Amino acid sequence: MGSGPVRNSKGVDSEWDSYAMCDFDGQPAWDRDGLNPGGAIVRLLSWNVQGSVPPAGSKDRIRNQVSFIGEQLDQPDIVMLNEVTTVQRELWLDLLREEQGYTEIVDTLDWGQELRESNIPPHHEFIHTSGQITAVHEDADVGDLERRRPSIRNGPWESSEMKDWSTNFPEKILNSEVQIAGQSVDLWNVRTVPGSMYGEEKIKILENVYARITKSNPERCILAGDLNIPNAERADGTVVSWGEDKPESIRERWISAELDVMTGLSEVGLVDAFRYIHGYGDLDTEDTSHESRRIDHIFASESLNPERCWYDPAGYECSDHAPMLMEFSV
Numbered sequence: 001m002g003s004g005p006v007r008n009s010k011g012v013d014s015e016w017d018s019y020a021m022c023d024f025d026g027q028p029a030w031d032r033d034g035l036n037p038g039g040a041i042v043r044l045l046s047w048n049v050q051g052s053v054p055p056a057g058s059k060d061r062i063r064n065q066v067s068f069i070g071e072q073l074d075q076p077d078i079v080m081l082n083e084v085t086t087v088q089r090e091l092w093l094d095l096l097r098e099e100q101g102y103t104e105i106v107d108t109l110d111w112g113q114e115l116r117e118s119n120i121p122p123h124h125e126f127i128h129t130s131g132q133i134t135a136v137h138e139d140a141d142v143g144d145l146e147r148r149r150p151s152i153r154n155g156p157w158e159s160s161e162m163k164d165w166s167t168n169f170p171e172k173i174l175n176s177e178v179q180i181a182g183q184s185v186d187l188w189n190v191r192t193v194p195g196s197m198y199g200e201e202k203i204k205i206l207e208n209v210y211a212r213i214t215k216s217n218p219e220r221c222i223l224a225g226d227l228n229i230p231n232a233e234r235a236d237g238t239v240v241s242w243g244e245d246k247p248e249s250i251r252e253r254w255i256s257a258e259l260d261v262m263t264g265l266s267e268v269g270l271v272d273a274f275r276y277i278h279g280y281g282d283l284d285t286e287d288t289s290h291e292s293r294r295i296d297h298i299f300a301s302e303s304l305n306p307e308r309c310w311y312d313p314a315g316y317e318c319s320d321h322a323p324m325l326m327e328f329s330v
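Here the sequence shown is numbered in the numbering used here, starting from 1 and rising by one per residue.
FYI, nobody ran anything at the bench for these hints, they're computed from the structure.
Any given hint could turn out to be false.
[As the list claims (entries may be wrong)] Cut-off 30 Å, straight-line C-alpha distance, at most; resulting in silico cross-link-like pairs (DSS-like, lysine-lysine):
#1 215 with 163
#2 163 with 246
#3 215 with 246
Bear in mind that the values here come from a model prediction, so they are computed numbers and not experimental data.
Build out the structure end to end from the sequences listed, making use of the hints.
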């Protein structure tokens with residue numbers, strides 16, 4: 001980021017250069033600065049592993065990615081992977097379990113596989129090649145990972161006219177629950193499809209996720225993934241939506257869908273973890289996740305005390321997206 005100190009949302013003066021706040025190995029060194037509030041420290045990874053290209057998946061690249069998670073990222077406590085090929089589901093699960101010790105795993109690759117084989121419109125024209133994986137390491141102070149299947153009949157949706165589940169890509173939304181230090185945390189592992197390919201299907205995913213989170217209003221929540229938004233971020237914090245270039249008939253809805261997620265989740269206590277910690281300003285290459293844009297995000301309840309959040313450009317060795325990591329405490 002640009003030079004000079006900035007006051008972030010924690011009220012802490014921090015240098016814009018992301019590595020100015022890091023130890024010699026590039027990892028943030030704030031424990032020594034007294035910013036760690038205590039509690040169970042949890043490290044979370046969110047990463048688009050580019051599993052849709054090629055559609056059948058590259059076994060060598062998958063092995064390299066799993067090794068990278070273990071050797072370079074030191075086995076984060078919680079792993080949330082986007083765009084995992086459905087064809088290589090068993091390989092992914094076996095490698096995560098047997099080589100890296102991720103003994104609790106949930107995924108939506110089964111949904112993707114079923115939809116990929118469907119001849120029912122519009123699925124016969126959609127490319128359901130990938131889904132999501134969320135996994136918990138056996139040594140983490142985290143457990144009881146449980147997949148949630150979104151309901152249109154229970155909770156806030158029991159008698160509602162709006163069911164908030166209009167997506168034709170349900171495999172892109174993996175909702176689960178996990179226990180951390182005796183506290184329940186709601187996890188949303190999400191990847192939105194490109195609007196250039198699927199039009200309003202992109203914003204339907206954003207709308208569904210935003211409505212599901214805000215209406216359920218979980219006490220502790222994390223939303224992470226390749227959201228393919230925004231088009232740009234200005235140094236003053238202004239978010240520029242892809243919707244600004246869309247036809248008038250859908251422009252307002254498109255802009256609202258993107259901004260609701262980027263800024264509106266604060267209504268239920270979620271913060272943009274990267275901006276919460278680093279503040280605002282111009283982005284350097286090290287602060288972006290794909291093609292010089294910051295389109296991969298982690299939003300977390302402020303009560304989870306996000307303390308560190310960074311992108312690891314070394315991950316470009318085996319994906320077209322940089323891994324994103326966050327450390328928080330419960």
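Hint check results:
{"no.": "1", "hint": "215 with 163", "in the structure": "holds, 11 Å"}
{"no.": "2", "hint": "163 with 246", "in the structure": "holds, 26 Å"}
{"no.": "3", "hint": "215 with 246", "in the structure": "holds, 28 Å"}
Of the numbered hints given earlier, the model fails none.
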